[in-house]
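2 protein chains.
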Amino acid sequence: MRVNGEPYRTIWVDEDSWSIRIIDQTRLPWSWHVPRLTRMAEAAEAIATMRVRGAPLIGATAAYGLALALREDPSDWGLEEARDQLLGARPTAVNLRWGLDQITGAVTGLAPGDRAAAAYERAGELADSEVATCRRIGEEGLPLLEALGRERPGNEPVQILTHCNAGWLACVDWGTALAPVYQAHDRGLSVHVWVPETRPRNQGAALTVWELSQHGVPVTLIADNAAGHLLGRGRVDLCLVGTDRTTREGDVVNKIGTYPKALAAQANGVPFYVALPGSTVDWEVASGAEVPIEERDSREVTHISGLTERGEASELALVPAGTPAANPAFDVTPAGLVTGLVTERGICEASGSGLAELYPEQAG
Amino acid sequence: MRVNGEPYRTIWVDEDSWSIRIIDQTRLPWSWHVPRLTRMAEAAEAIATMRVRGAPLIGATAAYGLALALREDPSDWGLEEARDQLLGARPTAVNLRWGLDQITGAVTGLAPGDRAAAAYERAGELADSEVATCRRIGEEGLPLLEALGRERPGNEPVQILTHCNAGWLACVDWGTALAPVYQAHDRGLSVHVWVPETRPRNQGAALTVWELSQHGVPVTLIADNAAGHLLGRGRVDLCLVGTDRTTREGDVVNKIGTYPKALAAQANGVPFYVALPGSTVDWEVASGAEVPIEERDSREVTHISGLTERGEASELALVPAGTPAANPAFDVTPAGLVTGLVTERGICEASGSGLAELYPEQAG
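Line by line, the protein sequences give chains P and B. In this text, residue positions in the first sequence follow this note's numbering: the first is 1, and each later residue adds one. In this text, residue positions in the second sequence follow this note's numbering: the first is 1, and each later residue adds one.
Be careful, since some hints might not be right.
Sample of chain P residues facing chain B (criterion: CB under 10 Å; computed from the structure) [to be verified]: (1) V3; (2) A41; (3) T198; (4) N202; (5) A223; (6) I256; (7) P271; (8) I293; (9) T302; (10) L307; (11) S314; (12) T323; (13) P328.
Hints listed in this document are in silico derivations from the structure and should not be mistaken for laboratory results. We treat Cβ as the ideally placed atom computed from N, Cα and C, and that holds for glycine.
All chains, full assembly: derive it from the sequences and hints.
Right, dumping it as structure tokens:
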């Protein structure tokens with residue numbers, strides 16, 4: 001997508017054909033910094049400190065990180081050592097292991113001298129494949145927005161409510177929930193996105209507002225609390241969110257605060273769609289009630305980051321030290337509240353049969 | 001209620017029997033400051049800058065402000081002049097005018113020399129009457145908590161979810177939604193309150209956490225986004241919130257973010273009660289859909305206040321300058337989502353007939 005008018009991905013091979021560039025997302029929305037990764041350890045650091053985030057991007061960064069490692073030491077021992085270090089950068093990220101497995105599979109059995117080139121090639125394929133999947137999600141979701149656009153008088157924008165950041169910054173390009181929005185905008189359909197700030201980590205305010213605005217899509221930031229009111233007063237035509245994990249029966253695990261928005265959408269007859277690559281469906285789990293919800297550091301609730309008047313990044317306490325705070329990171333939106341799942345293979349009902357029809361090889 | 005172990009109201013006559021003390025709520029939760037008001041202009045300033053807030057407390061402060069004015073100039077002209085200045089301090093506060101009317105009524109016709117004493121007496125009666133109303137709300141709501149307490153095994157706390165600040169800081173004492181909680185706690189019933197921070201102004205984090213903790217009631221701060229998850233996972237026994245205005249059919253206008261919590265409560269079979277003095281029922285309006293919702297300064301969404309590491313009050317920007325933001329201040333919870341209205345006259349159904357039964361003289 002575009003930044004300052006130029007098209008970008010979140011990760012790419014630099015002009016020197018070997019070093020890797022990423023966007024430092026910890027500095028957004030305040031400053032634009034595209035660090036150059038020249039060693040595996042730098043890739044691991046970028047993952048660990050969340051300069052890169054979002055499952056697909058973490059996977060791609062790990063893959064390129066292994067390619068960087070093999071450039072320096074293509075031995076079996078070097079491969080093993082680099083894998084371990086990258087895996088330790090964010091142990092719970094499923095895509096990280098997947099990205100590493102892909103590279104390992106591509107180079108195992110090759111002569112050491114051929115390994116780095118093969119790793120770069122496979123990493124590039126991975127990144128391209130992530131982009132293709134997200135583009136497909138966008139194409140599948142686009143007709144939903146086009147249909148709403150046709151119903152609008154004049155050129156009034158289609159009003160979309162999203163949550164958190166399910167945009168291109170979390171992927172390699174396009175995003176999931178925002179992919180249909182970018183495609184609609186690029187085709188001249190007038191759209192406007194309500195962006196909840198997404199407390200406690202404020203990914204909506206910091207990332208979604210930034211990426212949509214940079215690409216030219218009109219946005220309005222709101223407190224998470226305001227979403228119900230906007231839905232109640234007919235100010236939203238369609239909800240579009242992403243997901244971290246969808247159960248095989250269609251329950252949606254996503255950023256905390258998704259569930260109340262889905263309830264408000266249903267109560268007001270507004271369609272609520274969830275966009276996802278099929279790879280994030282958890283075929284092992286039937287009901288969202290079975291999914292353990294990660295409890296994160298309470299400091300995310302009791303403190304907040306932003307920019308001082310003098311333009312310096314800073315942090316404030318919102319409550320006195322020692323205030324007890326709970327910080328569940330995700331909630332579960334039951335399948336019954338979800339109008340449909342937008343995948344790279346099409347849109348299906350959020351149900352076991354809906355998913356099985358699109359992914360018969362998985363549902364087995 | 002208690003602060004540092006000592007009982008307080010939010011406004012009181014000082015030991016000198018004439019100057020007025022208030023709690024400077026703009027400094028909470030960071031510092032405890034009880035300024036002395038010696039002149040009407042200081043009372044007007046305290047109202048205008050929100051050192052005092054909440055309808056009942058604003059009314060009481062205006063009443064005492066008029067008493068202070070009459071101490072200096074008890075003439076008709078002095079009375080008129082002081083009324084105008086106090087009214088201008090927060091023109092939209094209905095209780096402000098009401099408090100002034102009460103004092104004006106009490107002193108009109110009296111000799112100038114008798115007016116100040118009569119004004120103090122009437123202001124004291126007003127404050128006492130606010131306290132009595134809130135105490136009654138507490139007594140009416142208490143059995144709800146006691147019944148839940150009896151169902152709990154051992155001494156496990158009754159789990160309450162509130163929103164914003166509907167506690168004693170918004171009133172003269174006790175509060176509305178929190179009055180039953182304080183009474184339960186004082187009688188030895190184990191209670192625990194989940195307090196949503198209540199973006200964008202964070203009254204939950206800044207005021208509700210503080211006042212409950214000072215009185216010894218256990219609390220846990222959460223992001224507003226987390227309320228749905230807690231309700232979904234059976235972590236809440238009862239929701240108790242306040243209201244700014246209730247329509248005669250029982251629709252509840254309250255701080256933005258109330259409505260989604262009511263939806264999540266209903267979806268999970270958790271009772272959702274709204275506590276209110278009968279004086280806040282708007283008998284002129286039937287449906288909440290007719291109520292215009294105040295749109296406040298977007299700066300409340302784009303900026304946030306807190307304490308720096310060095311202990312200084314400060315403000316941060318959350319998004320780059322110029323980011324569009326919307327800030328509706330209230331939402332409407334339809335009567336159908338409200339289990340009951342807890343008033344000083346008892347608990348009734350949130351409906352026209354329910355309210356008419358408790359307030360037959362109003363429902364006419």
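These are the hints, each one checked on the structure:
no., hint, verdict
1, V3, "violated, 14 Å"
2, A41, "violated, 30 Å"
3, T198, "holds, 7 Å"
4, N202, "holds, 6 Å"
5, A223, "holds, 4 Å"
6, I256, "holds, 5 Å"
7, P271, "violated, 17 Å"
8, I293, "holds, 7 Å"
9, T302, "holds, 7 Å"
10, L307, "holds, 5 Å"
11, S314, "holds, 6 Å"
12, T323, "holds, 6 Å"
13, P328, "holds, 5 Å"
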